[in-house]
Structures are given as C-alpha cells and as structure tokens.
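Model the full structure from these sequences, guided by the hints.
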Amino acid sequence: MTTTRTTTRTTTRTDPMSQTPGETAERTTEGTAPASDTPPDAERLRRWRMVLGADSADSTGRTLTGQDAAMDGALDALYGGGAGKKPNGRGVGGRSAGLGASAPSVARWLGDIRTYFPSSVVQVMQRDAIDRLGLSALLLEPEMLEAVEPDVHLVGTLLSLNKAMPETTKETARAVVRKVVEDLERRLESRTRTTLTGALDRSARISRPRHRDIDWDRTIRANLKNYLTLPAPDAATTAGETRATPTGTVVPERLIGYGRSSRSAKKDIVLCVDQSGSMAASVVHASVFGAVLASMRTLSTRLVVFDTAVVDLTDQLDDPVDVLFGTQLGGGTDINRALAYCQSRITRPADTVVVLISDLYEGGIRDEMLKRVAAMKASGVQFVTLLALSDEGAPAYDHEHAAALGALGVPAFACTPDLFPDVMAAAIEKRPLPIPDKEYQP
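Numbering (my numbering), first residue to last: 1039 to 1480.
Check the hints yourself; a few may be wrong.
Unchecked claim - The list that follows gives simulated cross-link-like pairs (lysine-lysine, DSS-like), each with its CA atoms no further than 27 Å apart: (1) K1415 with K1304; (2) K1201 with K1217; (3) K1468 with K1415; (4) K1468 with K1263; (5) K1304 with K1468; (6) K1409 with K1468.
For the record, the hints were derived by calculation from the structure and aren't laboratory data.
Listed below in structure tokens is the structure:
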C-alpha cells in the first residue's frame, strides 16, 4: 500500500490508534451504523481496514459493507495499484485498478468521490488521479469537466492544456475557470480594497492638514528636534513623597497629515508574473489580484507574464478569465528580459511598486537581472519579490538568486493570498514588508 493512499485515507477518518477500548469512535460517513453499535475492538479493526485498504482484508478480518464498501472502492480505484500503476490504470503486477482511461468510468468515479468525501479531500484525489493515472487528456472532454470539483490546481492543469483544447471543450473549461475566479474574487476583493484604500490615503502626505487629518506619529517623529524640557513642579510637602520628575513636550513646528482621496492614480503597480509550469497557482491568484487592483481608480495597474517571451495582458484585466486564457503555462524563464520590459514602462519611479512573482530559476542573464533590480531601486521604485503567491506551503526556488536579491535589500519570500493585501499596503506606504517567517528568508 502506498504512502499516498494511506495519507489520503487518513484525511477522511479519525486515526484508529487514537481510540481507546472504551471510547466511542465517531463515524465519518452518513448511511453507516453508528460507532456505538459496534464493539470497540471491531470498530478499531474496521477503521484500520478503511485506512489500509483492500490489501489488508486478510490481516484485519474485516469485510466492508454498504457505504464503507463504496468509499473503499472509490479509494481503491485510484490508489489500489500501488506505485507500479501505469497511466492506463493497470499495475505492473497484473492487478487492475478500477479507473480505466475512459471518460465515462472516470466521470462516474468523480461523482462517487464527491458523494462520499468533503470538497478538500475531493480536490486532493482529483490531483492524484491526474498525476498517477495520466488523465490530463480526459479533461479535454466536456463531460469530464462537468464532473470535476473546480479548484486552483485544476485551473492550472486546464491552462496548461489550453492550446490542445478542442473548441467543443473551451466553453466548458471557461465556465470551470470562471467559477474558481469568482470564488477567489468574493474571498479576496473586499479586504484588498479596504486595505489598499487606507494605505493609499496614508501614503499621500500634506503639510497643512486639518486637525482631523494630522498623522500624529509622523508629526512627532519629524519634530523631535523641537523637544523642550519643562520646569519641574514644586516639590510635594507631604512626608514620604518623592520630588516630581521634569516633563517635556514636542513643539510641532511642521504638521504632517493624510491626503484626501483623489481620482488621479496615486501609485503605479506592475505585476510581473512567471508563467512557467511550476507557478500555475501563483498565476491564477495574480490574475485575480490584478483584476481587483485594476478596478481601483487610484491605482494604475499593469500585468506582465513571461517565460522566455514577455506578454503584456494589461488590456485584459477587466476579465481575469481572459487573462488566464492569455497565459501559456510551461516553457523556460527569462526574468531579466521581463524586468527590462517592466522597467521601460515605468514613468514615475518614486510612485511605482514592482512585484516580481517567480521561483527565480533564471534562464536569462543573472547579473543583468540583478543590475536591473538595483537600478530600479536606486530610482525610487519599491521592489517586492514573491517566490509564490499561493496556499501550497514552502515553494521550491533558486536560493542563490533569492540571497542575491536579499543583498540588494529586496527580500524574497512566499506569500499567501490572504497576506498579499498587507504586503501591497506596506509597499505603497514604503514601510517594512510583513514577511510571514523571517527565518524562511534566504
């Protein structure tokens, strides 16, 4: 039994070894008998049988029935062939798993797992089916796309198949992608707008503010040189009291205040996104954020995607689905060439934020790339490097290039979609970035 199979199985059930003999085990599926109706030892064996799969039937002595048997069959169809499974679903030892390379059988299986397992588990199993059984080609069939559970990873797979996709499938594929994009927009748009609107207002400083618009923190820091020590009050006459200490005050000769909202763009944002195959989830999230940023009047947003070529998708930012289908996942990487294009489009360096989203595996000229980043920073550009923009955990990246950027004062770190608004707000206000784990920096 493979590790992948055991791991996936355990995500759907409580660990059987965590049950004590007198403890009632909670069942995880509907339509099966309550655990309290089963003797504790028998329930533990049932759970072990469910975790370990059909190969453990003899050792556990358990026979599954009802929905337990259906769930086990769905798992066995994907994981039952072990590591030796071939793409057509047949193991090298002669044992055949339950998924053949045909759309009807896979579509039925997709329907089964959506019935028996929660959405998060379904998405894991779908990814495993695509990877283990070579089912990418089946995603080009409309009936398959209608059966899958849409998620960011599936969108990445569809985008990688975009050029090979027949016309009969493209509309269905766009519907799947749009469902994921709309879900991301609902989750991310409100907070992004709120966070960045506040940051834009705070980043516009004026020297003659009204009282309610005074930025007291910056005003005090700017006037510390005007600190005056005041005379100490008379000593207290009551016995046992200590003499009062002198006090002081800051004379605010220069007031600094928040600017008022303006219809003109206050900041220029350039999203420079690596579209190599490993960056699929980052491309999806960057496209959604690009559309959100482009909808804010006080921001001028440019979206550039690249591999060895550079494509400017700014004119498509009103629809992130169009943006995504304008990308081409896979291929090489030329970061230097992409940054050269972005640099040529910068007209207000002091009011520009460049966000490079890449794993930094450079196929171009490394030294030229670093010189270009240094030149942009010297001109006043706020430069941010994100090794990933996704929820996938620690990414693979080029440590040497990340360290070189860090030496230039450009920290490189992975960023989750939920943290991205805070990172952008900090960059707009020119304050330290909220790096999630400083120990993770190269």
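Outcome of the hint check:
| no. | hint | verdict |
| --- | --- | --- |
| 1 | K1415 with K1304 | holds (19 Å) |
| 2 | K1201 with K1217 | holds (21 Å) |
| 3 | K1468 with K1415 | holds (12 Å) |
| 4 | K1468 with K1263 | holds (23 Å) |
| 5 | K1304 with K1468 | holds (13 Å) |
| 6 | K1409 with K1468 | holds (21 Å) |
Hint compliance for this structure: every hint is met.
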